[in-house]
Amino acid sequence: MLNKDLVVEISKSKKEPEWMLQIRLRALELFLKTPLPTWQIPSLKDLDFDSISYFNPQNIRATSWEELPSDLKRVYKKMGLPEAEQRWLGGTIAQYQSEGIYAKLKEEWQRKGVIFCSLDDAVKKYPELVRKHFANVVPVDDNKFTLLHYAVWSGGSFLYVPRGVEVNFPMQTYFFMKDKREGQFEHTIIIAEEGASVQYIEGCSAPVYDANSLHSAVVEVYAKDNSGVRYSTVQNWSKNVYNLNTKRAIIGKNALMEWVGGSLGAKVSMLYPSTVLAGEGACASHLTITLASKGTVKDGGAKVIHLAPHTRSTIISKSICIGDGHGVYRGLVKIAKGAYDSVSNARCDSLLIGRHAKSDTFPYSDIQETKGTSFTHEASAGRISEKQLEYMMSRGIREQDAMMLYVSGFITPVLKEIPLEYAIELNRFIQIEMEGSIG
Amino acid sequence: MRIGYFTGKAEYADFIGNELLINIPRDKQVILTLITLYSGRIRIKLGANSRLLLSAIDMSKEENHSIDMNVDLSKDAKCITTFNFKGESTETKYTFSANTARNSHIALNTIMGHQGKFTGVISTKIRSGAHSLVNCLIAPLSGSTTNLNISADHMESNSSNSIELAGYAKKGDRIDFEGKIYVPKGLKDVETRMNGRFLSVEGASVHTLPILSIYSRDVRASHGISVANLSIDELNYMQSRGIPLEDAYAIAEQGLLSSMLNKMAKTFEL
Amino acid sequence: MVDGGIMSKEKLEVKNLDVYVGKKQMLYGISLEIGAGEIHVLMGPNGSGKSTLANVIMGLPGYSVKGKLLLSSKDFSKMSITERARAGIFLAFQNSPEIDSVKNANFMRQASLSCGKNVEASQFKREFEEVLNRVGLNAEFYDRPVNFGFSGGEKKKNELAQLIMLNPKFAILDEIDSGLDVDSIKRAVNIVKALAAEGKGILLITHSPLLLKYLTPKRIYVMSNGRIVKQGGHEILSKIEREGFTAFDKRM
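Those protein sequences? They're chains C, S and V, same order as listed. All the letters of the first sequence, read from the start, carry residue numbers 15 to 453 under my numbering. All the letters of the second sequence, read from the start, carry residue numbers 102 to 371 under my numbering. All the letters of the third sequence, read from the start, carry residue numbers 329 to 580 under my numbering.
This is chain C alone, in the form it adopts within the complex (with noise of 0.2 Å):
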């Protein structure tokens, strides 16, 4: 039951300061009296906020190899991984490296100063540098989801890299989330002070189990002047579950923001990450690759907002859609006055394989600022030709093959920035869920 009894319950369990609880209430009592939105494609009638649950630390998750749905139990035995790996996947998040590296890596940070930890701890340890950080990017009522996230939030990481230190490392979330893992309502902060720069990777490119069916994270980033943030993630949560998250980076001048997602799973994702530049010359590059399979609804895009001169925003969106599965592209593009000299270019492309695939794209711009700047779009939908495929059949290339040497070629350009691990087995999933919808 989503009511103040259960707000002041999570707070208290996680012995939180006051001013947390505050913030929580007051975004509990606007979300009561916010409507659902009614302009996205995807249909949100089948949440029942009263129903989930919001609150468990040990999670409601499949234990046993059993519990797991045969689609998923199918995936994993065609991506070759054990069934060791396959109940924790099932489960929880394991550890990809030894507790030796992990330790020595965790020595190193420690040493330049940077915090890296849950967010939960954080707000006790470093109650002020939380409290200054925490809602600013992403306001409370930013949108009814986070009006919900705000009452609810539990778990996330909180990741503070100090003046001119640069992380050449990445910091991956599984360092401290060993046997926790609470994709629900994470609230994640990531801060770099001037001049530092760091990457960070989140998720998990091989589906995950999780009966928990509503997602709404935030990721609040600050990239302070002359600094650099890279921020990866891939999700490919079970087809039960609804991804509505807000993830948003504010940037100052000359710092760089790369947003590089890849969006495999769930049934419906609502999924925007924006940009705010907003100091001189900043630049904003937003990389995705987003799959949607049978009865899914994909519903994303980028937000880039120039408020300054001399700002870069570059926007590659590549969407495939399977079965009947619909992509959907929202695009903001906005160069406010006195953002002279600002340059925007966004590409998305949508492969359309299954024969009741759906694209829709909104890209929408709004062009305030006229002097020096430029603004271009483009975007393509359709299938692979007959001719194209014909011409690679023959060369002796099976028809599958060369579907999915079409498909990797068409998103390569983003799936070459991430992360290695992660590239290698959205590869391979993209591959088993077509070769599921083909032939």
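Rather than coming from a laboratory, the hints here were simulated on the basis of the structure. Among the hints, a few may not be true.
[Unchecked claim] Restricting the straight-line Cα-Cα distance to at most 27 Å, the calculated cross-link-like pairs of lysine-lysine (DSS-like) are:
#1 V:Lys352 with S:Lys289
#2 S:Lys286 with C:Lys59
#3 C:Lys253 with S:Lys226
#4 C:Lys401 with V:Lys541
#5 S:Lys286 with C:Lys401
#6 S:Lys271 with S:Lys162
#7 C:Lys351 with S:Lys218
#8 S:Lys289 with V:Lys351
#9 V:Lys541 with V:Lys339
#10 C:Lys308 with S:Lys286
#11 S:Lys187 with S:Lys271
#12 V:Lys541 with V:Lys567
#13 V:Lys396 with C:Lys401
#14 V:Lys431 with C:Lys430
#15 V:Lys352 with C:Lys430
#16 V:Lys352 with V:Lys394
#17 C:Lys351 with V:Lys396
#18 S:Lys218 with S:Lys187
#19 S:Lys271 with C:Lys385
#20 V:Lys567 with C:Lys430
#21 C:Lys401 with V:Lys352
#22 C:Lys120 with C:Lys59
#23 V:Lys431 with V:Lys497
#24 C:Lys351 with S:Lys286
#25 C:Lys317 with S:Lys281
#26 C:Lys401 with V:Lys567
#27 S:Lys176 with V:Lys351
Every value quoted in this text rests on a predicted model; they were computed, and no experiment measured them.
Once you've looked at the hints, dock chains S and V against the given chain C.
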């Protein structure tokens, strides 16, 4: 008030009230010129395998001016319309809709040289073997607002569509463009595209939303929009070759205009 | 690629081929036989059915076929496009499609692997670069997307490169000379001669008698309106040069 004047054979066109009805019988080829001065409706019907070349100029001085045009094509008919808006109205509203039949062609060239506020709503329905071509040039007088909504609805397989826009926004101008290409499910062999190039000058504002809704996969669909001002580099380059600032913009504008006019001229080759 | 000059007894035979597109008949009773190491030439005006024949031999869809298609006396008319390619039949397309998302090298590698040529990656790279050079394409064509933005002539050269890499038994070259300048044509001709010398059977489709100045085909077929209206040796070339293709039409 009658909508305006037309030249050409009265047997094909007539006024009913302030509505202009143009009826081209099957297999006939007709050229008509029209000048519109007052608000009204134009209803055009083309018989099977007929051809109509309609050249229209709007020179209205009405405060609020509205033209509603509808073209209904029969099998194998072709209609090429050019509409040049040069009126002095404070507010102009132009609605155009075309319904194609099998193997018919509709081409609409619109030149918006208005002042004040202009709202254009253009929609075409494309059937089997039919082709729809919409070319729009937005080159209004300073301080104007242009609101343009263009949609292409593919109703049957084997249909094709091309929408081309060129716009020049000057200081104080505002251009709002929304375009939609819709291909429902179950269609095959569809080729459809939409392209918009907007050259903007300091002090203008442009909003665009080109929508692509493709629900069949045997389709080649694409769209592209660019809203750009001459970049600082381009301006520096031109100036370094002795071209002053004002001329640089003029040259860019010329390029935009001439390439669009060329496209429009090509429609006459249909 | 060359195996000591032992000519195989392979034959590509087309026997009494009738081809329909829907209800319309495109080819009437076409018969020809190409042996290993032989160069045959198919000529005729546009629309005479040359490309239709080439497409049917490759197995492209959209045609109803009656008659026999034999490779070394075995019927291959039921084989799919892919199977025919792997069996050693190659078609250099008249209009090669562009595949903007696949790089030339990746495509070539995949095709080579599918046709049973499994060489190690760095060796493949060397080989393909050499072949590109041999057909007259510079190094950048290694990484460029397949045929994308290539000029007509460059597409033809790319087809030749694929032919050399895939090492088929029989190759049908549909208008390999179009878009090529005189020097490139000479280069292409030398490649064709070399391939024939290696034992490949070649069917060269062209409607330009110029190309044949440099070749000595075993047999020349003239097509018109879906039929072979004349066949013979080099002697019929001079008649074509003098009177054009219509000289043979009248014989019908």
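Here is how each hint holds up against the structure:
Of the supplied pair hints, the one linking Lys352 of chain V and Lys289 of chain S holds, its CA atoms being roughly 22 Å apart against a limit of 27 Å. The straight-line distance between the Cα atoms of Lys286 of chain S and Lys59 of chain C is roughly 24 Å, inside the 27 Å bound, and the hint therefore holds. Proximity of Lys253 of chain C to Lys226 of chain S is assessed by CA-CA distance (about 38 Å); at most 27 Å being required, the pair is judged violated. A distance of roughly 33 Å separates the Cα atoms of Lys401 of chain C and Lys541 of chain V; the hinted pair therefore is violated under the 27 Å criterion.
Restraint check for Lys286 of chain S and Lys401 of chain C: the C-alpha separation of about 22 Å stays at or below 27 Å, so the hint holds. Proposed proximity of Lys271 of chain S and Lys162 of chain S is supported: the alpha carbons are some 23 Å apart, at most 27 Å. Our distance criterion of 27 Å between C-alpha atoms is met by Lys351 of chain C and Lys218 of chain S, whose separation comes to about 23 Å. Simply put, Lys289 of chain S and Lys351 of chain V have alpha-carbon atoms about 21 Å apart, close enough for the 27 Å limit, and the pair holds.
This hinted pair checks out: Lys541 of chain V and Lys339 of chain V have alpha carbons roughly 26 Å apart, not beyond 27 Å. Using a Cα cut-off of 27 Å, the hinted pair Lys308 of chain C and Lys286 of chain S holds, with the two alpha carbons roughly 16 Å apart. Of the pairs offered as hints, the one joining Lys187 of chain S and Lys271 of chain S holds, with about 17 Å between alpha carbons and a cut-off of 27 Å not exceeded. Of the supplied pair hints, the one linking Lys541 of chain V and Lys567 of chain V holds, its CA atoms being roughly 14 Å apart against a limit of 27 Å.
Simply put, Lys396 of chain V and Lys401 of chain C have alpha-carbon atoms about 25 Å apart, close enough for the 27 Å limit, and the pair holds. The suggested pairing of Lys431 of chain V with Lys430 of chain C holds, with an alpha-carbon distance near 14 Å, which does not exceed 27 Å. This hinted pair does not check out: Lys352 of chain V and Lys430 of chain C have alpha carbons roughly 49 Å apart, beyond 27 Å. Restraint check for Lys352 of chain V and Lys394 of chain V: the C-alpha separation of about 13 Å stays at or below 27 Å, so the hint holds.
For the hint linking Lys351 of chain C to Lys396 of chain V, the alpha-carbon distance of about 72 Å lies beyond 27 Å, and the restraint is violated. A C-alpha spacing of about 12 Å is found between Lys218 of chain S and Lys187 of chain S, which places the hinted pair at or below 27 Å, so the restraint holds. The suggested pairing of Lys271 of chain S with Lys385 of chain C holds, with an alpha-carbon distance near 11 Å, which does not exceed 27 Å. At most 27 Å may separate the alpha-carbon atoms for a hinted pair to count; Lys567 of chain V and Lys430 of chain C exceed this at roughly 59 Å.
With a C-alpha separation of about 22 Å, the suggested pairing of Lys401 of chain C with Lys352 of chain V holds against the 27 Å cut-off. A distance of roughly 44 Å separates the Cα atoms of Lys120 of chain C and Lys59 of chain C; the hinted pair therefore is violated under the 27 Å criterion. A threshold of 27 Å between alpha carbons decides the hint, and for Lys431 of chain V with Lys497 of chain V the separation of about 26 Å falls inside it, so the pair holds. Annotation: proposed proximity of Lys351 of chain C to Lys286 of chain S is violated, straight-line Cα distance about 41 Å (limit 27 Å).
About 21 Å separates the Cα atoms of Lys317 of chain C and Lys281 of chain S, which keeps this hinted pair within 27 Å; it holds. A threshold of 27 Å between alpha carbons decides the hint, and for Lys401 of chain C with Lys567 of chain V the separation of about 37 Å lies outside it, so the pair is violated. Between Lys176 of chain S and Lys351 of chain V the alpha-carbon distance is near 24 Å, which keeps this suggested pair within the 27 Å criterion.
Violated hints, listed in ascending order, are 3, 4, 15, 17, 20, 22, 24 and 26; each of the other numbered hints is respected by the structure.
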